[in-house]
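Visitor: Under this note's numbering, the first residue of the sequence shown carries the number 1, and numbering increases by one thereafter.
Quick caveat, the hints were computed from the structure, so don't treat them as lab data. Virtual Cβ for every residue (Gly too), placed ideally from N, Cα, C. Watch out, some of these pointers could steer you wrong.
[Stated by the list, open to error] Listed next, with one range per pair, are the computed distances between beta-carbon atoms:
1. Lys152 with Gly237: 49 to 59 Å
2. Arg91 with Pro366: 49 to 59 Å
3. Phe181 with Arg261: 46 to 56 Å
4. Phe189 with Pro367: 22 to 32 Å
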Amino acid sequence: MTTPTPAPTPTSASQLAPRTGNLRNPSPALILTAALLGFALISLDASVVNVALPSIEDAFGGGMSGLQWVVDAYTLSFAALMLSTGAFADRAGASRAYAIGIAVFTLASAACGLAPNLPALIAARVAQGVAAAVVLPASLSLVRQAYAEPAKRARAVATWGAGGAAAVALGPVAGGALTTFWDWRGIFFINLPLGAVALLLLLRAPRSERRPAPLDLPGQLLAVITLTAVTFAVIEGGVTGIVALLVAILAGALFVRVELRQSHPVVPFGLFRSRTVSVAVAAGVACSVAFYGVIFLFSLFFQQVQGRSALYAGLMFLPMTGLIGVTNIVSGKLAARHGPQLPMLIGQSLAALGSLVLLCVDESTPPLLAAWLLVPMALGCALTVPPLTIAMMDAVPAERAGLAAGVLNSARQVSGGLGIAVFGALVSDGFTAGLRESLAISATLFAVTAFLSFRLSGRPANSA
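Put together the whole structure using the sequences plus the hints.
Guide: So this is what it looks like as structure tokens:
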């Protein structure tokens with residue numbers, strides 16, 4: 001998995017079983033293609049918009065806070081609702097949930113491309129995020145149900161994950177090319193034919209069984225209110241921000257109270273009694289804050305500070321994104337042989353060092369040099385994420401793996417959104433100074449989580 005790509009979110013153990021009793025017997029590869037295409041679409045939209053932000057500001061205005069909301073409206077709705085959409089996919093059936101998610105995502109993409117103003121664009125981005133939260137667990141469920149043999153299923157899931165990773169890596173370049181040769185609206189319109197193809201492929205898939213799954217609606221609602229209010233407080237500031245912060249504190253307190261009393265909470269706090277779980281989530285948060293935040297800032301840096309084109313800015317991310325996939329594979333092998341602690345320590349140390357190296361970047365830094373200076377931080381994150389996921393999954397019972405993965409995914413996505421909010425607020429009063437403050441925060445987070453990682457077991461994951 002790449003740093004910005006959501007980790008696989010199992011929804012229930014029952015989804016591991018293949019479907020039976022269907023008259024149609026489509027090729028598993030066809031179902032995999034449909035699922036992978038949907039996952040790639042929602043992964044692409046997590047990164048493709050960054051390079052187009054200056055063009056969106058030229059069209060609609062809105063300043064830094066408006067640009068932050070264009071990104072965070074998608075990220076936060078995606079992250080917050082992912083706590084419950086696994087259960088929704090079970091209740092509706094994976095194929096139905098996937099079809100609904102892709103259809104809504106495609107329509108929301110059209111609404112983004114046709115948006116007449118910034119509020120309409122932000123609202124459509126929220127709809128995209130809601131749909132993406134449904135697509136992710138449903139697409140993984142489709143893959144798992146299509147492959148009965150564990151070895152083939154494992155390879156299919158790896159292919160599914162690689163598709164999302166490739167989409168995230170392609171995002172900045174695709175965003176730059178579409179914005180330059182078409183328009184910023186093209187980054188959304190391109191989803192229409194791709195979404196239609198995914199739905200057409202899904203027509204060959206048998207309907208998935210509906211399975212009972214508990215939904216914690218009060219907890220989900222309070223989670224959305226809390227996360228939205230916190231983000232609003234950071235982005236907007238002032239008196240409005242203070243009011244939003246008070247709302248966030250109240251909603252957060254109610255959330256904890258509700259979750260502690262729920263038999264099936266969206267966030268099972270008992271998981272955090274495990275030191276490994278706590279450290280893994282903290283490391284994932286550090287990676288997401290730094291990765292999402294740095295891509296956001298440097299997309300603006302290359303264009304608004306250095307005056308480069310959207311295409312040029314997108315190409316500047318190729319060195320950092322192009323090496324992530326290979327690094328993920330190396331990291332997974334290191335974790336299998338030496339345990340998760342070693343690659344996590346190497347990764348977080350490299351990411352901390354990379355964040356410090358970037359402190360030398362200013363307006364006069366050659367763009368190509370800045371592009372290569374981004375690589376150490378990105379590779380550090382890519383080294384860290386696979387082993388932290390392995391560590392967390394090894395630390396929880398098999399029947400709680402879906403809940404644990406959902407918590408990890410949501411924490412990473414939420415922290416990425418909050419990272420953009422905080423870093424954007426810091427650069428609003430002076431880009432270079434704010435950029436350095438943001439990088440210092442990233443380095444500090446990595447240093448803290450690297451220290452905490454010493455508390456993890458160094459035992460190889462496959463030695464249990």
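Visitor: All hints, please: hold or fail.
Guide: Right, here's what the structure says about each hint:
As the Cβ distance of Lys152 to Gly237 is approximately 52 Å, the hint placing it in 49 to 59 Å holds. Between Arg91 and Pro366 the C-beta distance comes to about 54 Å, which sits within the given range of 49 to 59 Å. The beta-carbon spacing between Phe181 and Arg261, approximately 55 Å, falls within the hinted interval of 46 to 56 Å. Remark: the range hint 22 to 32 Å for Phe189 to Pro367 is upheld by a beta-carbon distance near 28 Å.
In terms of the numbered hints stated before, the structure departs from none.
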